[in-house]
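Colleague: All chains, full assembly: derive it from the sequences and hints.
Protein chains in written order, with the working numbering: chain F, 283 to 544; chain U, 14 to 407.
Just so you know, the hints here were simulated from the structure itself, not pulled from any lab data.
Among the hints, erroneous ones may be present.
[As the list claims (entries may be wrong)] Ranges of calculated distance between the beta carbons of each label pair, as one might list FRET restraints: (1) U:Glu78 - F:Glu500: 25 to 31 Å; (2) U:Asn169 - F:Glu383: 39 to 45 Å; (3) F:Glu383 - U:Gln83: 42 to 48 Å; (4) F:Gln454 - U:Thr34: 20 to 26 Å; (5) F:Asn398 - U:Asn26: 39 to 45 Å; (6) U:Lys38 - F:Arg480: 28 to 34 Å; (7) U:Glu204 - F:Arg480: 53 to 59 Å.
Since this is a predicted model, take the numbers as computed values, not measurements.
Quick reminder that beta carbons are idealized off the backbone N, C-alpha and C, glycines included.
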Amino acid sequence: MALKNAFSAREYSRLREVQEKWLQQVDAETKKGVKDITLQTLASDNAQAGQAAAQVIASIAAIELPRDQWPELMPTLVRNVGEGADHLKQASLTTIGFICESEDQDLRDSLAQHSNAILTAVVQGARKEETNDEVRLAAISALGDSLEFVKENFKNEGERNYIMQVVCEATQATDSRIQEGAFGCLNRIMSLYYDTMRFYMEKALFGLTIMGMKSEDEDVAKLAVEFWSTVCEEEISIEDDNAQVCLPYSKSVLQANISREG
Amino acid sequence: MRPYYNFSRVATNEVVPVLLTLLTKQDEDATDEEYNISRAAYQCLQLYAQSVGGLVIPPVLQFVEANLRQPDWHQRDAAVSAFGAIMEGPDEKVLDPIVKQALPVLIDMMSDKVLQVQDSAAYALGRICEACSESIDPATHLPTLISSLFRGLASNPKMAASCCWALMNLAERFSGEIGCQENPLSPHFNESVSSLLQVTERPDADNQLRTAAYEVLNTFVMNAAQDSLPTVASLSDVIIKRLEGTIPLQAQVVSVEDRITLEEMQTSLCSVLLAIVQRLEKEIAPQSDRIMHVLLQILNTVGPKSSVPDAVFATVGSLANALEESFATYMEAFTPFLYNALGNQEEPALCSMAIGLVSDITRSMGPQCQPYCDTFMNYLLNNLRVGFLNPLLF
Chain F
283 MALKNAFSAR EYSRLREVQE KWLQQVDAET KKGVKDITLQ TLASDNAQAG QAAAQVIASI
343 AAIELPRDQW PELMPTLVRN VGEGADHLKQ ASLTTIGFIC ESEDQDLRDS LAQHSNAILT
403 AVVQGARKEE TNDEVRLAAI SALGDSLEFV KENFKNEGER NYIMQVVCEA TQATDSRIQE
463 GAFGCLNRIM SLYYDTMRFY MEKALFGLTI MGMKSEDEDV AKLAVEFWST VCEEEISIED
523 DNAQVCLPYS KSVLQANISR EG
Chain U
14 MRPYYNFSRV ATNEVVPVLL TLLTKQDEDA TDEEYNISRA AYQCLQLYAQ SVGGLVIPPV
74 LQFVEANLRQ PDWHQRDAAV SAFGAIMEGP DEKVLDPIVK QALPVLIDMM SDKVLQVQDS
134 AAYALGRICE ACSESIDPAT HLPTLISSLF RGLASNPKMA ASCCWALMNL AERFSGEIGC
194 QENPLSPHFN ESVSSLLQVT ERPDADNQLR TAAYEVLNTF VMNAAQDSLP TVASLSDVII
254 KRLEGTIPLQ AQVVSVEDRI TLEEMQTSLC SVLLAIVQRL EKEIAPQSDR IMHVLLQILN
314 TVGPKSSVPD AVFATVGSLA NALEESFATY MEAFTPFLYN ALGNQEEPAL CSMAIGLVSD
374 ITRSMGPQCQ PYCDTFMNYL LNNLRVGFLN PLLF
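Modeller: This is the structure we're talking about:
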């Protein structure tokens with residue numbers, strides 16, 4: 283806990299100061315000790331301890347990942363999710379979530395290169411084959427936070443298909459928290475990757491989101507409504523952009539496209 | 014070119030009916046800030062109209078017709094809201110006949126027995142004023158539209174925000190050409206001003222209602238045609254008197270609420286006065302002694318850290334612009350406050366406002382400002398030296 287507090291300074295300048303200290307004043311052996319212990323703490327069956335360890339790891343990751351100083355972190359987390367007991371899986375997924383939602387720009391810039399590891403872990407945890415709802419929930423929230431770092435994977439049709447399948451299945455989970463997480467993912471996916479969504483809209487998203495809007499669970503319904511708000515926002519801005527590209531005959535071209543596509 | 018798949022268009026007939034049904038799930042206890050399913054659906058419907066344009070009209074009209082007369086207020090309210098939501102997006106020409114047909118109905122709904130429905134009707138009218146004002150016929154629609162909005166404003170403070178917003182949109186859309194002799198507001202101007210003066214005086218008016226009503230008054234003054242200027246001139250009398258009436262209140266402030274009420278009132282009145290001065294220009298001269306007198310009194314009595322001086326300075330600036338070299342009369346009395354603000358680096362907003370005021374005053378007074386220029390320059394140079402204002406200055 284003390285470690286966590288030491289690392290999670292609210293003020294930016296203070297945070298930088300702590301990070302500098304870690305880099306310059308702590309010797310390699312101590313650092314390794316701290317990292318090993320916190321990684322071990324992830325396995326604690328005390329949920330609070332696991333949560334605190336996840337935060338400490340995310341704080342250290344913010345310093346070390348951009349500098350390539352903790353190469354074993356991501357593989358360890360992936361292994362935990364693959365082979366660990368349920369609470370270790372959950373804590374490891376939460377850790378990935380914390381790392382991905384960090385506002386630290388250096389860290390964010392470095393995450394794309396870890397996208398394979400991140401995706402392997404979160405997609406595995408989010409699958410419908412995962413029987414523990416807490417694990418699946420942690421995975422689907424981490425997936426939501428990681429989406430903007432997995433651009434490369436999204437370009438690959440096979441990987442994209444698999445991610446979409448897992449998210450779509452999660453909208454049908456019995457636990458409404460997982461449904462909410464899944465619809466949250468769909469909203470982000472639509473706004474980040476509209477260009478690749480045609481196939482999935484026709485095959486699944488259209489039906490799933492209309493069903494979602496009718497859900498008894500108000501939060502699920504709101505998120506499904508927001509999905510269509512996102513679709514409209516994207517299409518309004520695409521029309522604007524395209525109209526600027528072909529100003530002289532924009533209207534007629536768009537109209538022609540519309541009638542052809544529609 | 015980015016790919017464009019028409020998702021929203023293709024899905025219109027599936028998605029829009031669901032959104033419309035969700036609109037009927039209002040929560041009557043929700044606060045204004047609360048975000049619930051019917052509000053999410055309203056936002057989505059607005060975006061849908063912008064995205065697909067005219068395609069949204071048939072399902073929405075069908076819904077409106079089916080629900081407008083239902084005994085359950087949720088349905089009537091949803092119908093009224095749905096109509097307002099699609100005012101932006103479809104081609105105005107397509108909307109025109111529909112809006113013309115709906116206006117009397119919506120105005121009628123302002124007298125619904127349920128407050129929520131009245132409020133949504135006012136908001137929908139505000140949307141029409143904002144996005145489809147061309148369809149409002151000044152002769153046939155405007156009289157009932159304006160009177161129903163004023164009736165709504167007077168009937169319940171909870172409707173103030175919607176009614177005021179609609180009235181401001183209306184005033185802005187019907188102001189006519191700049192400098193025009195008359196505009197569609199002219200026949201309603203006097204009555205509108207007296208309604209607003211009444212609402213702002215009501216003993217049960219809360220700050221929100223009063224401030225909103227003063228903002229409407231402001232908008233009406235700014236958009237007044239030439240033939241309404243005599244009314245604006247006599248309005249200046251009332252506003253100055255009200256401002257004078259606030260001075261003794263300063264001594265009676267005991268609570269934080271008192272202070273907020275007084276400051277909001279003074280700020281609103283200063284803003285209306287500013288609009289009047291801008292509109293009357295030189296014609297304000299006969300009132301200028303009284304105006305400066307009361308403004309200086311306010312500056313003398315306001316508490317520390319108040320935002321009122323900002324409003325006062327803005328009004329003084331407009332007076333300097335209107336009076337030009339005759340403003341020199343007031344410099345002796347006013348400069349102490351101006352110097353104070355110029356040197357007050359604790360309050361950068363006021364300080365940068367004062368810098369703006371220096372340029373207003375020097376420009377309008379011309380050579381007359383010469384005796385003050387040394388001091389102005391000293392303060393300005395000092396501000397430059399301190400440097401904290403740089404981003405605001407350049």
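Colleague: Look at each hint and say if it fits the structure.
Modeller: Here's how the hints hold up against the structure:
At roughly 28 Å, the beta carbons of U:Glu78 and F:Glu500 sit within the given window of 25 to 31 Å. For the pair U:Asn169 and F:Glu383, the supplied restraint of 39 to 45 Å holds, since their beta-carbon distance comes to about 44 Å. Between F:Glu383 and U:Gln83 the beta carbon distance is about 45 Å. The supplied range of 42 to 48 Å therefore holds. Distance hint check: the CB atoms of F:Gln454 and U:Thr34 are about 22 Å apart, consistent with the given range 20 to 26 Å.
In this structure the supplied range 39 to 45 Å holds for F:Asn398 paired with U:Asn26, their Cβ-Cβ distance being about 42 Å. Distance hint for U:Lys38 and F:Arg480: a CB-CB separation of about 32 Å, consistent with the stated range 28 to 34 Å. For the pair U:Glu204 and F:Arg480, the beta carbons lie near 57 Å from each other, so the given range of 53 to 59 Å is met.
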